[in-house]
Amino acid sequence: MDAGMYREQIIDLYEHPLNYGHLEQPDFTYEEDNPLCGDVIRIDVRLDEQQRVAEVLWSGDGCAISQAAASLLTEEIKGQTLAEVKAFSSERLLELVGVPLSMARVKCALLSLKVLKAGAYGIPDPSDMRHHE
Amino acid sequence: MYDIERIRADFPILTTEVYPGVPLVYLDSAASSQKPLVVLEAMDDYYRHTHANVHRGVHRLSELATTAYEGARVQVAEFIHAPAPEEVIFVGNATEGFNLVAYSWGRANLRPGDEILLTEMEHHANLVPWQILAAERGITLRYLPFRDDGTLALERLDEFLTERTRLFSFTAVSNVFGTINPVRQLVDAAHAVGALAMVDAAQSVPHMPTDVVGFDCDFLAFSSHKMCGPTGIGVLYGRRELLAAMPPFLGGGDMIRRVTFDGFIPNELPWKFEAGTPRIAEAIGLGAAVTYLSGLGLEAIHQHEQSITAYALEALSEIPGLRLLGPPGTQHGGLASFTLEGVHPHDIADILDKSGIAIRAGHHCAMPLHHRLGISASARASFYVHTIPAEIDHLVAGLHRVREVFRL
Chain A
1 MDAGMYREQI IDLYEHPLNY GHLEQPDFTY EEDNPLCGDV IRIDVRLDEQ QRVAEVLWSG
61 DGCAISQAAA SLLTEEIKGQ TLAEVKAFSS ERLLELVGVP LSMARVKCAL LSLKVLKAGA
121 YGIPDPSDMR HHE
Chain B
1001 MYDIERIRAD FPILTTEVYP GVPLVYLDSA ASSQKPLVVL EAMDDYYRHT HANVHRGVHR
1061 LSELATTAYE GARVQVAEFI HAPAPEEVIF VGNATEGFNL VAYSWGRANL RPGDEILLTE
1121 MEHHANLVPW QILAAERGIT LRYLPFRDDG TLALERLDEF LTERTRLFSF TAVSNVFGTI
1181 NPVRQLVDAA HAVGALAMVD AAQSVPHMPT DVVGFDCDFL AFSSHKMCGP TGIGVLYGRR
1241 ELLAAMPPFL GGGDMIRRVT FDGFIPNELP WKFEAGTPRI AEAIGLGAAV TYLSGLGLEA
1301 IHQHEQSITA YALEALSEIP GLRLLGPPGT QHGGLASFTL EGVHPHDIAD ILDKSGIAIR
1361 AGHHCAMPLH HRLGISASAR ASFYVHTIPA EIDHLVAGLH RVREVFRL
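Each protein sequence line maps, in turn, to chains A and B.
My numbering puts the first residue of the first sequence at 1, with every later residue one more than the last.
My numbering puts the first residue of the second sequence at 1001, with every later residue one more than the last.
One should not assume that every hint holds.
To be verified - Estimated spans, in silico, between C-beta atoms of each pair:
1. Arg-1164(B) - Glu-84(A): 58 to 64 Å
2. Ile-11(A) - Leu-1154(B): 43 to 49 Å
3. Ala-1310(B) - Asp-12(A): 36 to 42 Å
4. His-22(A) - His-1191(B): 50 to 56 Å
5. Gln-9(A) - Pro-1020(B): 22 to 28 Å
6. Ile-11(A) - Val-1396(B): 18 to 24 Å
7. Gln-9(A) - His-1371(B): 30 to 36 Å
8. Pro-1112(B) - Lys-78(A): 53 to 59 Å
9. Tyr-20(A) - Gly-1321(B): 20 to 26 Å
10. Gly-1374(B) - Ser-59(A): 15 to 21 Å
As the list claims (entries may be wrong) - To list a few chain A residues with every Cβ distance to chain B over 12 Å, as calculated:
11. Gly-21
12. Phe-28
13. Gln-51
14. Ala-87
15. Ser-90
16. Leu-96
Just so you know, the hints here were simulated from the structure itself, not pulled from any lab data.
The structure displayed is predicted, hence computed values, not measured ones.
Glycine is no exception: its CB is placed at the ideal position from the N, C-alpha and C atoms.
Could you build the full structure based on these sequences and the hints that come with them?
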């Protein structure tokens, strides 16, 4: 039967994740789990002077979808500004994952984005007018 | 004789295709069972022909509805061998049964320093209500450990049951390991230190004979939807003298005898604990389910599940990298929980789903148990009255495909 959502790339990334590890001195770091399945993802980000993503590493544990999505997301945001990271859409990440997902699995795919945004919104950004803290 | 083909024909959903051309292989009865036609018809018939509110109307339909609702209580009481129907309280599910005892009996009887003993293999339903109570009342919760094979460390009971223990609440059958616990032995141990005993029977009542007198338990709770009945209703059995002494849980209509602006006088048992218009159709559906299961015979159901489970455990154990959780052999209820090296349980369940195979993946509402095992999740296939060996073969073939997708 069709196991199409597990296309080669997903399994490749599950076996050989990109940008995996911890940063020594991140500008922000955040970790969260999905209690439904026990997936956990941490993302560490270092920014340059222009508030662009200079380095990003993730770590964690979980299903192939959540882990592959974390690799794809971290690869994609390299060089992006903090404002761009904050505006990164769910649709864009699902597009990167590129396989049809059931409702339950969409949460797996988006866990890394949730973690990234929670971290990003935790630090002040003068260019972000929506930030009032 | 156990006519499996006829039994399968009783469940309309078993002929469903979950995707075009992909028939359902339902191996998730421990989460919720499917419903035989007689249960659906009983509820449909009630709604079409005899629906009205119960206990208060003087008209014909109200009388019929009341008779059917209270008749279901009698059926359930007989099913679990409760001495009297008023010891059967209809609640929302087993979870609500635990909450009722925690809030009503617990608040009225527990003092700081008192202890409640649970086990490490409990479902969240038998953990969280006591944790809420513990925070409110300054009582201590203790947990009887399980051994590596998923059986309870019975040799340590004396250490955990003390003169401070007021209640021992435990599961009759583990929803993860499948372990069939020695209920009477555990109840006796609780009583020996003067504690009450409550049984989580959600995974046992659907699958084997239940005798609350034989168990000698003080409270016992289970859910209808795991035993061929509808969702939305469950049962709390309690010893009459305990229930009679307990304050009401939820307040409102039906649970009162008299109300003034200054207060109220509660109704008699069992209505004292059934506030508001009750789950009438659901009770009637549960009554039909109980009749259906009794017709098959609970001992016969148990035998059937034992043989399916033995077949499944054997077949699964031959899959490379598959680790079975729980005890081997006959002390194992109708389910098989496992992990597969190199594949997360959610990925297993997702790939199996594409072949129409429904299993559960996650922590099965038992996070502390999984934490103790050092895993975040497991996969669980569970079996019921209609499960056949061919479905186990589908599962095994599906798991081989999972390994192929993951290049194992």
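- Query: Taking the beta carbons of Ile-11(A) and Val-1396(B), is their distance inside 18 to 24 Å?
  - Reply: holds (22 Å)
- Query: In this structure, is the beta-carbon distance linking Tyr-20(A) and Gly-1321(B) contained in 20 to 26 Å?
  - Reply: holds (23 Å)
- Query: Is the hinted range of 36 to 42 Å satisfied by the C-beta distance from Ala-1310(B) to Asp-12(A)?
  - Reply: holds (39 Å)
- Taking the closest pair, is the beta carbon of Gly-21(A) still more than 12 Å from chain B? holds (20 Å)
- Message: Quick check for students: does the CB of Gln-51(A) sit more than 12 Å from each CB in chain B?
- Response: Correct as stated: the minimum Cβ-Cβ distance to chain B is 35 Å, above 12 Å.
- Query: Any Cβ of chain B at or closer than 12 Å to Ala-87(A), or is the non-interface label fine?
  - Reply: holds (29 Å)
- Task: Take the C-beta atom of His-22(A) and the C-beta atom of His-1191(B), compute their distance, and say whether it sits inside 50 to 56 Å.
- Result: Check passed, 53 Å falls within 50 to 56 Å.
- Does the Cβ-Cβ separation between Gly-1374(B) and Ser-59(A) fall within 15 to 21 Å? holds (18 Å)
- Ser-90(A) clear of chain B by more than 12 Å, beta carbon to beta carbon? Label holds. Min Cβ-Cβ 19 Å, cutoff 12 Å.
- Does the no-contact call for Leu-96(A) survive, Cβ to all of chain B over 12 Å? Check passes; 19 Å lies beyond 12 Å.
- That 43 to 49 Å hint for Ile-11(A) and Leu-1154(B) (C-beta), does it hold up? holds (44 Å)
- Message: Between the beta carbons of Pro-1112(B) and Lys-78(A), is the distance compatible with 53 to 59 Å?
- Response: Given range 53 to 59 Å: holds, Cβ gap about 56 Å.
In terms of the numbered hints stated before, the structure departs from none.
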